[in-house]
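Trainee: Listed below, chain by chain, are the residues.
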Amino acid sequence: MTITRRRFLQGSAAALAAAGCATAKTAGDLQPQSGRRVVVVGGGWGGATAAKYVRLADPSIEVILLEPNDRFVSCPFSNLVLSGVRPLSSLTFGYGDLRRNHGVTIVRAEATAIEPETKRVRVGEGYYTYDRLVVAPGVEFQWEQVEGLPQAKDTVLHAWKAGPQTTALAKQIQSMSDGGVFVISIPPVAYRCPPGPYERICQVAWYLKNTRPKSKVIVLDANENIVSKTALFRGVWQASYPNIDYRPRSRVVKVDPSTRTLTTEFGDAVTYDVVNLIPPQRAGTIAVQAGLVGDDKRWCQVDHVTYESVKHRNVHVVGDSTIGIPAPKSGNVANAMGKIAAVNIVNLLNGRPPSPLPPGNTCYSWINDREAIAVVNAYRIDNGKVVQIEQKLTPGPSAIYGQQAVGWATSIWSDILG
Amino acid sequence: MTHMRVLLAAGVLGVVVAATAALAAAGPLDGAGSKVLNCAACHGAAGQSRSDAMPILAGAHPVYFKKAIQDYASGKRLSPEMEPYAKQVLVLGLDEIAAYFAAQRREPSRVKLDAAAVERGRTASTQCAPCHGPAGKGDADKGVPDIGGQPPGYLRNQLLLFKAERRSPGDEAVTKMKALLKAVPDDTLGDLAAYYSSLR
Numbered sequence: 001m002t003i004t005r006r007r008f009l010q011g012s013a014a015a016l017a018a019a020g021c022a023t024a025k026t027a028g029d030l031q032p033q034s035g036r037r038v039v040v041v042g043g044g045w046g047g048a049t050a051a052k053y054v055r056l057a058d059p060s061i062e063v064i065l066l067e068p069n070d071r072f073v074s075c076p077f078s079n080l081v082l083s084g085v086r087p088l089s090s091l092t093f094g095y096g097d098l099r100r101n102h103g104v105t106i107v108r109a110e111a112t113a114i115e116p117e118t119k120r121v122r123v124g125e126g127y128y129t130y131d132r133l134v135v136a137p138g139v140e141f142q143w144e145q146v147e148g149l150p151q152a153k154d155t156v157l158h159a160w161k162a163g164p165q166t167t168a169l170a171k172q173i174q175s176m177s178d179g180g181v182f183v184i185s186i187p188p189v190a191y192r193c194p195p196g197p198y199e200r201i202c203q204v205a206w207y208l209k210n211t212r213p214k215s216k217v218i219v220l221d222a223n224e225n226i227v228s229k230t231a232l233f234r235g236v237w238q239a240s241y242p243n244i245d246y247r248p249r250s251r252v253v254k255v256d257p258s259t260r261t262l263t264t265e266f267g268d269a270v271t272y273d274v275v276n277l278i279p280p281q282r283a284g285t286i287a288v289q290a291g292l293v294g295d296d297k298r299w300c301q302v303d304h305v306t307y308e309s310v311k312h313r314n315v316h317v318v319g320d321s322t323i324g325i326p327a328p329k330s331g332n333v334a335n336a337m338g339k340i341a342a343v344n345i346v347n348l349l350n351g352r353p354p355s356p357l358p359p360g361n362t363c364y365s366w367i368n369d370r371e372a373i374a375v376v377n378a379y380r381i382d383n384g385k386v387v388q389i390e391q392k393l394t395p396g397p398s399a400i401y402g403q404q405a406v407g408w409a410t411s412i413w414s415d416i417l418g
Numbered sequence: 001m002t003h004m005r006v007l008l009a010a011g012v013l014g015v016v017v018a019a020t021a022a023l024a025a026a027g028p029l030d031g032a033g034s035k036v037l038n039c040a041a042c043h044g045a046a047g048q049s050r051s052d053a054m055p056i057l058a059g060a061h062p063v064y065f066k067k068a069i070q071d072y073a074s075g076k077r078l079s080p081e082m083e084p085y086a087k088q089v090l091v092l093g094l095d096e097i098a099a100y101f102a103a104q105r106r107e108p109s110r111v112k113l114d115a116a117a118v119e120r121g122r123t124a125s126t127q128c129a130p131c132h133g134p135a136g137k138g139d140a141d142k143g144v145p146d147i148g149g150q151p152p153g154y155l156r157n158q159l160l161l162f163k164a165e166r167r168s169p170g171d172e173a174v175t176k177m178k179a180l181l182k183a184v185p186d187d188t189l190g191d192l193a194a195y196y197s198s199l200r
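Protein sequences, first through last, are from chains A and B. By my numbering, the letter at position 146 of the first sequence is numbered 146, and the numbering carries on one by one without gaps. By my numbering, the letter at position 144 of the second sequence is numbered 144, and the numbering carries on one by one without gaps.
A couple of the hints might just be wrong.
Computed Cβ-Cβ distance ranges for the label pairs, DEER-style [as the list claims (entries may be wrong)]:
(1) Arg-166/B / Gly-84/A: 49 to 59 Å
(2) Arg-166/B / Gly-418/A: 42 to 52 Å
(3) Gln-142/A / Val-174/B: 21 to 31 Å
(4) Ser-398/A / Gly-170/B: 15 to 25 Å
(5) Ala-99/B / Gly-291/A: 23 to 33 Å
(6) Gly-31/B / Asp-245/A: 50 to 60 Å
(7) Gly-31/B / Gln-33/A: 44 to 54 Å
(8) Asn-350/A / Val-174/B: 53 to 63 Å
(9) Pro-169/B / Ser-175/A: 44 to 54 Å
(10) Val-310/A / Gln-70/B: 30 to 40 Å
If you want the footprint, here are the derived chain A segments under chain B, 3+ residues with CB under 8 Å [claimed, not checked]:
(11) 96-110
(12) 386-394
(13) 397-409
By construction, these hints were calculated from the structure, which means they are not laboratory data. Note that beta-carbon positions come from the ideal geometry of N, C-alpha and C, so glycine has one too.
Based on the provided sequences and hints, a complete structural model is requested.
Mentor: Spelled out as structure tokens, the structure:
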């Protein structure tokens, strides 16, 4: 690929700006716009996909992706790190191909504010202008909903954003003694990845069953029942994991690391040797600050075809931050939203009507080291709204679904970043 | 009059500019390209699957592709993953999507193969050749798929499903194949998969 002088200079300026170098521009317009431009906030499943697909759909549009992390770490499959089946490195990828293969300008910086009236995204003291903005900040935790948690964030782990916490929780589990108790707290819906906690329970129960037969897993679920793949998970637990103690309607409201105790809203105290507290969630902070969330102050309503925010024009929201589309907060759905938003942003920037493209969802859950179950949802667009055509579950677990899960992951990681 | 000519000229120029812009804007994600976006999550960009388990859709015969989608959608070919997506394909336009994948040039699977398994599979493949052809190209008109270069994991899983009577139960088009496979050991199915995956 030929790097034009202009692009080289732009990239350098952005890199220097991101690194906070004194010689680079750190205030004002960080990269003056010379043509049509889309800025993407967040390089996860939705944002990175949107950045790539805008360029695929129309390479004349400049794309700037703002992402503070230098590596992409996949949340799907990260529960396998907790059971030692996969290393985190096998789920970690660079962003380089987005630049090399698609000409996306990647700025390693966190967007700090959105100014929809002037079409600017702020990064520290400076800003980038845009014609259309994609906001894909994922979820943020509502730490304050659990007493004691804001002070204990660093030791009471969520491991719900794959990365250092995933490895740290795996180490805690590996250091448990035989007879030790692992307690997991599941937040009330809506949260990222509905079946994720239950897959995690399978992985930890599988690992403990094989290595610490006297240990058990206590599940404190804020919900009435298993939220996703209910009968499949229940069947697996009954058949394979007598070491799981599942307690529905058990919302955790307090954590005390000094006594290693969780307290539920009904006052039940549960002590743990290792705890995994997945806090309640809302849209990423920038979406809340920018007024993209609805009356619930948590999630962003969007148009079902363009993913344009109902709050601000020219601002599109994709991925886990959204609500109202009858599809789960999954990586596959975020990826689908990223593609559809990209195609329709390009349509709109080229003066064409948006295409009514529906998302899809394929979601595998590992129940041990080689077998998986799955749920699949397909949708159509009906009068401008996403409507489900069908949801289908696997009849049971199978190693073939495990192989398909690997196939899905291999393919979709490449679809996002390749 | 002069004014009229200028207006006409401007009008013609406008049409030409608009047409050129439309041509310039036509890209891989226009039309059918946008309708296969969901397929890419498992089957790769433009149906060029790069995993072991998911079949390559690029270059699929339209007759075979359409039968597969219709069978998935009706539940005749059992797949909890494909049944909902097949219904979505029917909503979005089966003919258009089948034509899109047929028009893509297949890039054979890059999954690493065991050379010895490929050779064993070559020997065992004589009974497959009458229908699938010496190079595994199949027969487009009869709906026999082109299996050359497909990922070995996908081919092996399908052979196992055929053998276990879990692939398209009751479908007369595949009765003969199932009868043949009943006598074939599972290891040989893996060899056959490796051989057909190796074909270019």
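Trainee: Against the earlier hints, flag every one the structure doesn't satisfy and list their numbers going up.
Mentor: Of the numbered hints, 1, 2, 3, 5, 7, 8 and 11 do not hold.
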